[in-house]
Every structure is written in structure tokens, then in C-alpha cells.
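Add chain D to chain U, keeping to what the hints say.
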Amino acid sequence: MPNLGRLLIVEDTPSLARTYQAHLKHDFSEIEIADSGAKAIAAVEAAAPDCILLDLKLPDANGLDLLDRWTNSAVNCPGVVITANGSMSVAVDAMRRGAVDFVVKPTTKDRLRTTAQNAIENYQVKEVVAKVQSVSRQDDFCGIIGQSLSMQGVFKSIEAAAPSKASVFVTGETGTGKELIARAVHDLSPRRKARFVAINCGAIPRDLIESEIFGHVKGAFTGATADRAGAAELAEGGTLFLDELGEMPIELQPKLLRFLQLGEYQRVGDSTVRKSNIRIVAATNRDALEAVRTGRLREDLYYRLHVIPVALPPLRERGADVLLLAERFLARYSGEEHKTFEGFSRDAEEWLVSHTWPGNVRELENLVRQVVVLKDGGSIARADLPTQLSTQPSAPAAPISAAPTIAASPLPAEPDYGVEPLWLTEKKAIERAIALSRGNIVAAAKLLEINPSTIYRKKASWGEG
Amino acid sequence: METYAEIGRIFLDELEWRIPGLKGSSDTELEHHAHSLKGAASNIGATELSRLAAELEEMARIGKSDRFAPLMESIETEASAVTEALKTDYLEA
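Chains as they are written, first to last, in the working numbering: chain U, 1 to 465; chain D, 1 to 93.
Next comes chain U alone, as it looks inside the complex (with noise of 0.2 angstroms):
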């Protein structure tokens, strides 16, 4: 049962607006009637609804003059209007004061419904157009590919908090671009002319990690063997990325925060106290704040930290990106490899898109560059490509599978037996038939045999669009 929200009914004949009350019951949650314009200006002024029904003829009112009212004052919802047989200009006039359909009276019960859904299905298309046009799309952002609605608004919150020194806190799982995402911050921030240095906390020995961040002088500790800079000093008047924060020793830790709150730090085995100004990006693959509850990550540095959060989110959720990413890595490596290659076949893009890419971004990388370096050249196929439909992340540069903790995954959890909700295998559907129609989505629609509306009703409902 389709509901559509709120309808307003303009109409001053009893009869008729119970009428259109009866056939409209089933597709609005709350139905409004107002027999007069006074009482329809009062109830839109109150809240605006999901859709009006209107009658142009009112004892007090024009309802043409209402359609300007409302249109003027961006009242935000679909208007259609009613008019008696005969009276074809005024529709046409009411169309054109914003009116988006109307009924011809008498009307049935189909007819009225049809009309009502589709009002409010195009004016959403409508809205999401206009929101997609709005967002100015960048699909190479420093280096990062993504057209996905998810990686536009990364891009945007990058874009914001670049020029500040704000600390940024990237999350997301292994292989979505973490230390990308943490260079573009420091590319595009007035630091871009200091050295941007990377930390991996997770693939430094731990007694290490220390004297990579602050550095050392000779005799510090065995095999010091000179005075030695670390990251702090080196990163001097630029940004400093430590990736696998959560992997950071806890006894460390004070340190850090120490060198946060004042960019005061001194070189392990060593009194003297120096100073840096750094910006620091930090991220981790983790739950963070699982890591805060569990005692691995401190609270008063997470908080240090955490100041403006981006979220990266995995290739699985990144629709059309996946083909998207898929021929850039083509084109770089056939270059390098100097082999010409005509794409994928269209098989080939229904396995990129159906994959669920455990390690994101850099499984698809690797995958790309083995099959160029594999193959001679021509299209890709579905053959060229694994057999199985799940393959490991190839090359995890955290050891996140020592970390079997599926509650902290921000995924909803699929049952073991195979079985999710009915509408999570729907919107899989439809995500994957974008991703393959390259986010078109009146093309995803013809794969799916569906209509275009259904689509953006769908995301809709899915609290996206």
C-alpha cells in the first residue's frame, strides 16, 4: 500500500471532497479537508503537505489565485487541480501557475489515485534532479575517482575543512583511500608547500612507532646510531598523516595528545623540549569508538582527534564508481604495460558491479593491473575475471581480519543462513542495476523492467535522494 504522506483537499462541495477522501484513503496516512481558501491557506501555513488536491471554483477564493500564493511563497508540494468538464483552458492555466496535473471532474477513483501518485512521483523526480544538478559534480577530485553521491559529499567536507587545521578524522574500511583522501586535504590547504608525511601505526614495529613520529638522538636505544628527525619535525609547517591510529601504542599516547594540545614533543632519549606546527589527519579502519570502550584508544585523544570526521564509504555501497574506477585503472596500466585494450565486455562490468569488494578500492586495483598484465589486449570478460564471487582483500595493509568483531561493523549484518529483509535484496537490485547502467537511472529502470519513479520512490524511502 503506497503512502504518500499528507493531502490536502481543497473543496468546498461536501460530497465531492468525501468523495475524493474515500477513493484517496489508501495512499495518504492523513488525509485534510478545507472547504474554503481561507481554511486552505490556514492549513498549509500550519504544514505543508505531501500533495493538494484542488478546487479551482471556491466560495471565497480563486483557486488560481491560491496556486500563485503557493508558488510564490515556495510552498513545497505537488498541487493538483480539479475542474469541472468544459473548462480546458483553466486547467492549462493552472498548469501554468504551478499546478502540476489535474482531474477532470467527474472523476474515478483510478484515475484520481493514478494522478495523485504520479503528482508526487515526478515532483520528487523533480526534487532529486535538482539536488543531483546542484551538487557540481567532480569525478577526479586530487586524484580521488568518484561520482557517487557519497564520495561528492567527501569531497565537499574536504573541500570545506582543507583550509582550516582543523584535525581531520578519516574512517572506512581497508582499501577505500584513506591516505588519499589525507593528501588531498593537505594539497588543497595552505600547507601544501610543507611536506606531508604518513604514518602507518599498524605496520611499524611498536616500540618504533615512538621514535618515528618524534625521532631520536644517537644512543637513544640499540641501533640509534645517529640523531635521527622524526615524522613531528619533518612535517614541520605541514600535515602529518597517521594511519591505523587505533594500533598506536596506548603508552604513546599521552605523548600525542601532549603534542596536539601544545606541538610540544621531544626526540626519544632526549631532554630537550621542541616545538612544531602540524595539522594532523588521522584514520583507522576500526570502529573508533569501539576502540575508546575497549580501552586501545584514548578518549581525551580520540576527541583531540575527531574534530571534522569523513567517512569513506566501501566500493560495495559506490555504485557506478566501480566501472568508473575500473577503466581509469585499465587506461593507467594498459599504458604502462603498453597493450591496448577495448574495455570490459558487458558481462565483465555485471561481475564488477555485483562483487562485493571486501578490499574495496585496492582489490579492484590489483585486479585490474593483473588481468592487463595477464591478457594481451581486446575486451575483458567475464572470464577473465575470478571465479569466485568473494575474493580476500589482496593486499590488507591492516591486519583487520584479527579483528572478527561484526557488531562494530557499521553494515547491516547479514544473517548466516542467506536471508536478509525482502527490501535490502530489493535495493541491492536496484543499486546494482545503476551501477551497471552507470547511474542512469531511467536506463537501471529498463534492466529492471520497473519505472523510473519506482526508483527514486524507492530511494527515497531509503532516506536517500
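What the hints contain is simulated information worked out from the structure, not anything from laboratory work. Virtual Cβ for every residue (Gly too), placed ideally from N, Cα, C. Treat the hints with caution; some may be incorrect.
Now the stretches of chain D that chain U is said to cover, found in silico as 3 or more residues with beta-carbon under 8 angstroms [unchecked claim]:
no., stretch
1, 10-23
2, 26-37
3, 40-48
Each pair of labels, with its calculated beta carbon distance range [as the list claims (entries may be wrong)]:
no., chain 1, residue 1, chain 2, residue 2, range
4, D, P70, U, P59, 19 to 27 angstroms
5, U, N3, D, G63, 46 to 54 angstroms
6, D, I62, U, M95, 24 to 32 angstroms
7, U, A47, D, S25, 33 to 41 angstroms
8, D, W17, U, M95, 27 to 35 angstroms
9, D, E76, U, V442, 53 to 61 angstroms
10, U, P59, D, D66, 23 to 31 angstroms
11, D, P70, U, A47, 42 to 50 angstroms
12, D, G63, U, S89, 17 to 25 angstroms
Cut-off 27 angstroms, straight-line C-alpha distance, at most; resulting in silico cross-link-like pairs (DSS-like, lysine-lysine) [claimed, not checked]:
no., chain 1, residue 1, chain 2, residue 2
13, U, K427, U, K126
14, U, K105, D, K64
15, D, K87, U, K25
16, D, K87, U, K109
17, D, K23, U, K105
For chain D alone, kept in the frame of chain U given last:
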């Protein structure tokens, strides 16, 4: 069926004040009453009543007042017939 009966009752209530409203009102009011009656009657399937109301609406619009009285009379007669039919066939069955 219940909804139809309810709408029928609302329509009959409407007739009770709408028909007297036709008399003694200004041309503009008359046009409005006739217009409403036209819509309400066609909604319930009373096509002849609707047609008569449409004619009255048009006469009021062009100000042909000599046609008002005979049309109102026809409307009253037709409205009684419709009321009777509605009551007998739907509302009191």
C-alpha cells in the same frame, strides 16, 4: 457500499441547503451554487440534475436572468426525483 451511502447522505444534506440557496442570491452566488451542484450531482451519477445545474451556471454567468426561474423549477423537480431514488434504492434499503 457504505461509503457510497455516506456520500449519498452528504449529498442529500447538501441539496437541502443548496437548492434554497439558488433562490434570491446574486448572479455570482447563483453561478457558484449551480457550479457546486453540477459537480456534486455528476459525482453521484445524477446526470440530468448535473446537466440542469450546468445550464443554470452558464445562464448566471452570462446574466440571462429570464432563464433562472424555469431552470430552478426543473432543478427542484429533478432534485426531488434524485432524492427519492437515492433514499429508496440505497439509503433505506
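Cross-check of the supplied hints:
no. : hint                                 : result
1   : 10-23                                : holds (count 4)
2   : 26-37                                : holds (count 3)
3   : 40-48                                : holds (count 4)
4   : P70(D) / P59(U): 19 to 27 angstroms  : holds (26 angstroms)
5   : N3(U) / G63(D): 46 to 54 angstroms   : holds (48 angstroms)
6   : I62(D) / M95(U): 24 to 32 angstroms  : holds (27 angstroms)
7   : A47(U) / S25(D): 33 to 41 angstroms  : holds (35 angstroms)
8   : W17(D) / M95(U): 27 to 35 angstroms  : holds (34 angstroms)
9   : E76(D) / V442(U): 53 to 61 angstroms : holds (56 angstroms)
10  : P59(U) / D66(D): 23 to 31 angstroms  : holds (26 angstroms)
11  : P70(D) / A47(U): 42 to 50 angstroms  : holds (48 angstroms)
12  : G63(D) / S89(U): 17 to 25 angstroms  : holds (21 angstroms)
13  : K427(U) / K126(U)                    : holds (21 angstroms)
14  : K105(U) / K64(D)                     : holds (25 angstroms)
15  : K87(D) / K25(U)                      : holds (26 angstroms)
16  : K87(D) / K109(U)                     : holds (24 angstroms)
17  : K23(D) / K105(U)                     : holds (25 angstroms)
Of the hints listed earlier, there is not a single one the structure fails to meet.
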